[in-house]
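Enquirer: Line by line, the protein sequences are chains U and W. Everything in the first sequence is counted per our numbering, starting at 1 for the first residue and increasing by one. Everything in the second sequence is counted per our numbering, starting at 1 for the first residue and increasing by one.
The hints are simulated quantities; they were obtained by calculation from the structure and are not laboratory data. Here the structure is a predicted model, which is why all the values come from computation and not from measurement. Note that the Cβ used here is the ideal one computed from N, Cα and C, for glycine as well. Incorrect hints may have been included.
Claimed, not checked - Pairwise CB distance ranges (calculated):
1) Glu175(U) <-> Lys142(W): 40 to 48 Å
2) Gly70(W) <-> His81(U): 43 to 51 Å
3) Phe93(W) <-> Gln80(U): 26 to 34 Å
4) Gln114(W) <-> Lys54(U): 40 to 48 Å
5) Lys142(W) <-> Arg53(U): 31 to 39 Å
6) Thr160(U) <-> Lys142(W): 21 to 29 Å
7) Leu56(W) <-> Phe93(U): 22 to 30 Å
8) Glu92(U) <-> Leu56(W): 21 to 29 Å
9) His155(U) <-> His155(W): 54 to 62 Å
10) His81(U) <-> Arg63(W): 21 to 29 Å
11) Glu36(W) <-> Val67(U): 47 to 55 Å
Said to hold, decoys possible - If you want the footprint, here are the derived chain U segments under chain W, 3+ residues with CB under 8 Å:
12) 22-33
13) 88-97
14) 125-139
There are 2 protein chains.
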Amino acid sequence: MSRKSIAIDMDNVIADVASHYITWYEKEYGIKVNPEALLGVPESEAFPDNAIRKFLYMPGFFRTVPVMPGAIEAVRKLMQHFDVYIVSAAMEFPQSLIEKYEWLQEHFPFISWQNIVFCGDKSIINTDYMIDDHVKNLDYCKGKTFIYTAGHNIHIDRHTRVNNWQEVVHLLEQEIK
Amino acid sequence: MSRKSIAIDMDNVIADVASHYITWYEKEYGIKVNPEALLGVPESEAFPDNAIRKFLYMPGFFRTVPVMPGAIEAVRKLMQHFDVYIVSAAMEFPQSLIEKYEWLQEHFPFISWQNIVFCGDKSIINTDYMIDDHVKNLDYCKGKTFIYTAGHNIHIDRHTRVNNWQEVVHLLEQEIK
Numbered sequence: 001m002s003r004k005s006i007a008i009d010m011d012n013v014i015a016d017v018a019s020h021y022i023t024w025y026e027k028e029y030g031i032k033v034n035p036e037a038l039l040g041v042p043e044s045e046a047f048p049d050n051a052i053r054k055f056l057y058m059p060g061f062f063r064t065v066p067v068m069p070g071a072i073e074a075v076r077k078l079m080q081h082f083d084v085y086i087v088s089a090a091m092e093f094p095q096s097l098i099e100k101y102e103w104l105q106e107h108f109p110f111i112s113w114q115n116i117v118f119c120g121d122k123s124i125i126n127t128d129y130m131i132d133d134h135v136k137n138l139d140y141c142k143g144k145t146f147i148y149t150a151g152h153n154i155h156i157d158r159h160t161r162v163n164n165w166q167e168v169v170h171l172l173e174q175e176i177k
Numbered sequence: 001m002s003r004k005s006i007a008i009d010m011d012n013v014i015a016d017v018a019s020h021y022i023t024w025y026e027k028e029y030g031i032k033v034n035p036e037a038l039l040g041v042p043e044s045e046a047f048p049d050n051a052i053r054k055f056l057y058m059p060g061f062f063r064t065v066p067v068m069p070g071a072i073e074a075v076r077k078l079m080q081h082f083d084v085y086i087v088s089a090a091m092e093f094p095q096s097l098i099e100k101y102e103w104l105q106e107h108f109p110f111i112s113w114q115n116i117v118f119c120g121d122k123s124i125i126n127t128d129y130m131i132d133d134h135v136k137n138l139d140y141c142k143g144k145t146f147i148y149t150a151g152h153n154i155h156i157d158r159h160t161r162v163n164n165w166q167e168v169v170h171l172l173e174q175e176i177k
């Protein structure tokens, strides 16, 4: 049987962007936002005046985002049985391209450049599985979809929900049995 | 009827990399290579000692490549009837990411960031049509494939050959009738 392919998103999936927003927001405005305040709120409304949007254009933001807990071990495990592609809608922020590439080199050096995709929309990406926090990406996918829990998506119920990387590995291991 | 999608490659398709190799090679070694010397020869053997490979890592190389004759007008025409995606296997040369983005901004400003894809291999790209000079990309494509003539591919006969952008437009216009 040929190996199945998985498209794994970066922001809010292997990269803990929500924590990074909170850290940068506190550094900039001196206010520590409670992570629970992000639950059920669109990303653009999660911080006053959509202040975090400017972070997305600031040099160093994407380069310094923390890794999502458990992501490195989980991706390594999945690569034993699947062709794993990292697929990030990075094109909106061109300065992020090299930062995201270097971030992957640092934290996921075992992922080949051949398996990295930076795109705009993900509608032409065709994999057997997709793990993403945004329905705008998952809704296009012809394969099985997993929505990785993020504050902005907790009310979505049309994709299989995963709350952490242990759950992802558990569900995908069932697929190879 | 919903619009069909086309994946268009950059190097040797909308970007005239072969001419650029000749220019940079002459600048570096003082020898003007005849374009006909590239016909039927693998890219790696087209110049002595594979000298051109180092150009791919040099800052400015991708940023300054000339546009393939007729490409701008042709892409603009195709966009009237198709969803056009620029899909470049840029990931092998990370410094090229921003250069290729800026090059597209300069020469193809009418292409949205949403329609740009920089990847490694193209096996997970799913479009109705693909225009590329490399069989390693075309062979994976589930849609109709067009091989854009380049020195290294003149002996390939398993994809529909196009020799210039006028031919591409002519063939694709038949598809919408």
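Enquirer: Is the gap between the beta carbons of Glu92(U) and Leu56(W) within 21 to 29 Å?
Expert: Holds - the Cβ-Cβ distance for Glu92(U) and Leu56(W), about 26 Å, lies within 21 to 29 Å.
Enquirer: Using the C-beta atoms of His155(U) and His155(W), is the stated range 54 to 62 Å upheld?
Expert: holds, 57 Å
Enquirer: So the hint says 21 to 29 Å: do the beta-carbon atoms of Thr160(U) and Lys142(W) match that?
Expert: holds, 25 Å
Enquirer: Under a C-beta cut-off of less than 8 Å, do 3 or more residues of the region 125-139 of chain U approach chain W closely enough to confirm the stated coverage?
Expert: holds (count 3)
Enquirer: Does the Cβ distance between Gly70(W) and His81(U) fall inside 43 to 51 Å?
Expert: holds, 46 Å
Enquirer: Check whether three or more residues of the region 88-97 of chain U sit with their beta carbon closer than 8 Å to a beta carbon of chain W.
Expert: Since 5 is at least three, the answer is holds.
Enquirer: So the hint says 22 to 30 Å: do the beta-carbon atoms of Leu56(W) and Phe93(U) match that?
Expert: Taking Cβ atoms as reference, Leu56(W) and Phe93(U) lie about 25 Å apart, which means the hint holds.
Enquirer: Regarding Glu175(U) and Lys142(W), is the given constraint of 40 to 48 Å on their beta-carbon distance met?
Expert: Since the Cβ atoms of Glu175(U) and Lys142(W) sit about 22 Å apart, the hinted range of 40 to 48 Å is violated.
Enquirer: Taking 40 to 48 Å as the hint, is the beta-carbon distance of Gln114(W) and Lys54(U) inside that range?
Expert: violated, 21 Å
Enquirer: Honestly, do Glu36(W) and Val67(U) meet the 47 to 55 Å range at C-beta?
Expert: Given range 47 to 55 Å: holds, Cβ gap about 52 Å.
Enquirer: Look at the Cβ atoms of His81(U) and Arg63(W) and judge whether their distance stays inside 21 to 29 Å.
Expert: violated, 40 Å
Enquirer: Cβ-Cβ distance between Lys142(W) and Arg53(U): within 31 to 39 Å?
Expert: holds, 37 Å
Going through the hint list in order, the structure does not satisfy hints 1, 4, 10, 12.
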